[in-house]
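Engineer: Residue numbers (our numbering), protein chains in the order written: chain A, 1 to 468; chain B, 1001 to 1291; chain C, 2001 to 2346.
No wet-lab data here; the hints were simulated from the structure.
There's no promise every hint is true.
With a straight-line Cα cutoff of 16 Å, these simulated EDC-like cross-link-like pairs (lysine to aspartate or glutamate) come out [unchecked claim]:
hint : chain 1 : residue 1 : chain 2 : residue 2
1    : A       : Lys380    : A       : Glu307
2    : C       : Lys2133   : B       : Glu1173
3    : A       : Lys379    : A       : Asp396
4    : B       : Lys1115   : A       : Asp74
5    : A       : Lys379    : A       : Asp458
6    : A       : Lys99     : A       : Asp358
To spell it out: a stretch of chain A is covered by chain B in this simulated footprint if at least three of its residues, at any positions, have a beta carbon under 8 Å from a beta carbon of chain B; those stretches are [unchecked claim]:
hint : segment
7    : 234 to 244
8    : 273 to 285
9    : 445 to 459
Bear in mind that the values here come from a model prediction, so they are computed numbers and not experimental data.
Glycine included, C-beta positions come from ideal geometry on N, C-alpha and C.
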Amino acid sequence: MRLGKRRLGTLVLGVLFLALIAGLVACGGEKSTESTTGTTQSSGGAGATGTSAAGGSGSADEPVLRVGALLSLDSIQGVEMKKWLQLFAKLYNDAGGWKIGETTYRVEPMFYDVGMWDATKSRSAVEKAVLQDKVKYLVCNWGDIPAETLSVTEPNKVLWLGLDFVDDSVKPTLNYAVRAQGLFFAQGLFYYICQDYIKQGAKSVLVVCPDTQQGHVGAQLVGATATTAGMQVLDPIFFSADTADFSPIATKIASQKPDAVFFSYVAGASLINAIGALKDTGWKGFILPGELDGETLNNLVAKVGKEYVEGMETGSYDPRPVEKDPQTLNYIDAYQQQYGDWHSEGCFWIGPWFIFEDAINATQSTDVDTLVAYLTSSKKGVRTLTGYSQLFARPDLQNYKTVDSAPGHYIGVVRDGKFEYLETIACKDQYLSSIKVYGLKDVYQKYWDEYGYPEFPDQPARLDFSDL
Amino acid sequence: MTLQLFLQILVNGLMIGAIYALVASGFTLILGVLQVFNFAQGQFYMLGAFATYAVASVLGAPYVVAILAALAAMALLGILVYFSIIKWTLRYGFFHTMLATVAFGTIVGQAAVLKFGYSTAVVAAVVDKTLALGGVSLNSGKLLVLAGALVVMGLLYWFMRTKIGVAMQACAENREVACLQGINAGKVFWVTMAVGCALCGVAGALVVPVLSASTNMGQLIFLKAIIVVLVGGTGSMAGALLAAFLVGIVESFAFQYVESFAPLVIFALVAILIYFRPGGLLGKPLPIPGQ
Amino acid sequence: MRRAMLFKSNKWWLIPAFLLAVALPFFVGAYRLQIFIFVITYSLLALAFQLTMRVGLPRFDVAAWWGVGAYTSGMLMLKANMSFWLTLPISVLVSVVLGFAVFSVSVRRGMMVFMMFGMVFALALQQVFGSVKFFGGWGGTPQLPPVTIGSYVLNDKMWIYYLGMALLIFNLGVYQLLYKSRIGRAWSAIGSGLRLASSLGVNVVGYRLANVLVGNAFLALAGSFSVVYQAMIIPTTYGFQQSIYVMMYVVIGGLGFAMAGPIVGALVLTLISESMRAAQQYQPIVTGVITVLIIMFAPWGLLGVLRSRVVSVLQRLLSSRAALPDIPSSLGSPASVTAEEPGKDA
């Protein structure tokens, strides 16, 4: 029996230990307190069907506008997008609801965690959203598999406004999908930077990408862009996505002796390790990180020193030092008030929400077909957190509806260890430089002759139609 | 291939090999003595790196202090895990204990993701110089990792010759006979756990000025430790040390030529070794459970 | 062993369980039916894991072989325009032949090498699926063509569910036949005492190899089955993490229950995971904590708890641990737990 008591002691110890871990997690997640709203609502949705699920959290007779989002909450982008969507909903709800036509709706964002590139999780998430919770709009996505998502949304007439790295979502056969965060018309950033680096004397470039889908797509696009801008492109290097030790990669980069190195889709810890390892090999030259946020830059400077990254140009998603637009400033203030700190990782990817908002406000309707009709004949750019985003047609895929977007981007330069805003890439430049890079001028010219030239937001642009 | 390139690749391989050696020897020690397949081994490495970050960068203590702190913290955590989880499940057999460490590793890994987020912890380089030896430039930070790892291995060699170290070897050899000789198995077990986890903590601490700490580093190093143990022979400490450097160097050279297919080269190496030399490189594995 | 007998004498519950499973599509909506289709797939994976546990070999390459099945079927349908039904035997064949090549290296080297070599193989295989252009890269294959029976397109969830059910029952039936046969008894003998079995003249390596390959065949079928309901195949689905979850299914369900254990485990964990759809970042922690608690307080799984009275659970917790095997020098208890009828061996 004495033995029994000792076991009991160990049992208590074990439980305490688990409690410790649970406590650790609980303090770690300020995010968790916000996420409870999302949790209760959607688990309520699982319990009951139809609109009655929403009755729990608001007055029952108020109509609810449900906006679904398939996000990977394992990634910073997913978490940030969730925070933004919750903020937008809160802003509407605090103001008494979203007035659409004659009705005022309470906005209810619904989140579905899809994991990262997991076919099974992605499938069950979209089925839960569409078949179980009857969500009519899926706005924003991260980590899901668009082909899998679309195979459920299309037959059920669900509007999909999202992101896709390959061209699965812009096929002409699809009726309810709009790639509101595309990367096809986003070659402006690299085109600008290539031009700048060529001016400074760079002749050859080496693209370094993780061995993932984004990485392979990125390597192809960046390579094409650099060739068009007039650089010699060396064979790209792919590395395993979970690499921690970048020394072999850096050694290989240095042994090829490029003037410039482009890190496409390398961010955070990987980027810091990669540039750190590159410095160790003694290589010096132009570096282009695909994206760089403030925290990563600070860590990078701590790691390799100011001198090594001086003059580095890169894309940025941080609107704070740039935007003068009062509405955007309001959003930034509201975000900082709500969450107490600032992260810029979600700012760019949240773009589809603004396209959705614009479509609803312009049509004053919640009907999916009306919204689709508006979106697929889009004429103007929409203001997002990071400049303008505009929908264009894809005549190269025989898709003459405006279903693919040219997103807004900033370009910045690192000076004295700080990030300085350089300029905004105009929608027009994103569009035209992409067509130029892909060599699709003839196809698009035919399209423009038939349907007319697109109009762009009022932004200074480097390129014009005559430059193609 | 120039001499410079060759030497650089070799040093890359040696540095990462040294880290593999520490983690894998900790793993193989626990496997041999406790007969526990510790799935959480990589998480101790990750926590060691973050502990170093906390002490060196946040508190601003000297790097040596940070290494010792990481070592002590991981040894303590190892003991805690032993008394709260492993001791309990040991009686149910090998499989249950393994699964307990799987579950523990999952919890710690995800808790770290939630706690530290997706951000990176960077510790400033301890020595920020590049050694130039007749046209060959070598980063001294890497050489420091290598030197640190060799010191730790020396200490481990000494430790295995102390009274408790010998007792550990005896337990690994034959537990029943060791107990009959008056060795306190309970004590040996928790000391083994402490040493095995401390080795991982030190590995994390050593590596953090060269590579920055991130929450996914544990899972990766665990799989590398598995490969090292397979090459070195399950349960063999000396084999693990030798195999770690071999795997590190092969990996490093493989990347230069086949890039992301490097795992396939390693797989082929493992398959050939297992087929022709089942006892591992040194051919003298310790007895391990479940033949 | 008494436990096993008890389980066998209480077969009446099979009838209501079967009826419930058949009637399920009439009660639940499309989304929940999809979840049950996933449960079937995971059950098939867990059953293969349970099968090799019978000969004392835990395997961590379950997801990799699942992927082999999916990729074989998917690739044949995409590149060779083959009918789905024709790809089934081919994917089984590929999985068994490839499995023979891999396992003939590792099975003879004992449990530890088998287990670790499986992990390394799974890693390498995932790299092949991801990096070789032929398989479509990390972004997955192109959209798969629909599965048809004659001119009928199999996209009704109900029929997919029944197809899965049929596959599961076929799987259970084959296992049952094997367990009852001479081979099954040899497996049990190996599982409960390796040395004893080999001294009695049982060809340990041969029987273990056969066991693992049977598991491989059913994993390939599970992979092909997932092609029916998935729009595309993507390599990250078949990662190491999935294999670890499979191991958890088996233990949470109950290691001593060759048939029901894996299914119950897959059902419970999938439902828990699915109920946390909006907060998946906490799901690994919850799963982990449940697993630790189960191992500590109910080492024979949920079914073990169900069977014994609550009182006896408490009793066992506090005093009668001595009845269980003490610190083992070999694999020990899990194998002897899986051995249901060691007496019949002689």
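Engineer: Now, for every hint given, state plainly whether the structure supports it.
Structural biologist: Here's how the hints hold up against the structure:
1. A hinted pair counts as satisfied when its Cα atoms are at most 16 Å apart, and A:Lys380 with A:Glu307 does not qualify at roughly 43 Å.
2. For the given pair, C:Lys2133 sits about 49 Å from B:Glu1173 by alpha-carbon distance, which is inconsistent with the 16 Å threshold.
3. Taken as a hint, the A:Lys379 and A:Asp396 pair is broken in the structure, with Cα atoms around 19 Å apart against an allowance of 16 Å.
4. Proposed proximity of B:Lys1115 and A:Asp74 is supported: the alpha carbons are some 12 Å apart, at most 16 Å.
5. Under the criterion of a C-alpha separation no larger than 16 Å, the hint pairing A:Lys379 with A:Asp458 is consistent with the structure, at around 13 Å.
6. Distance hint between A:Lys99 and A:Asp358 is fulfilled; the C-alpha atoms sit about 13 Å from each other, no more than 16 Å.
7. Interface restraint, the segment 234 to 244 of chain A with chain B: holds (6 residues with C-beta to C-beta distance below 8 Å; minimum three).
8. Check result for the segment 273 to 285 of chain A against chain B: holds, 5 residues qualifying (beta carbon to beta carbon below 8 Å, three or more required).
9. Judged by the Cβ-Cβ criterion of 8 Å, the segment 445 to 459 of chain A is not covered by chain B as claimed, because only 0 of its residues qualify and three are needed.
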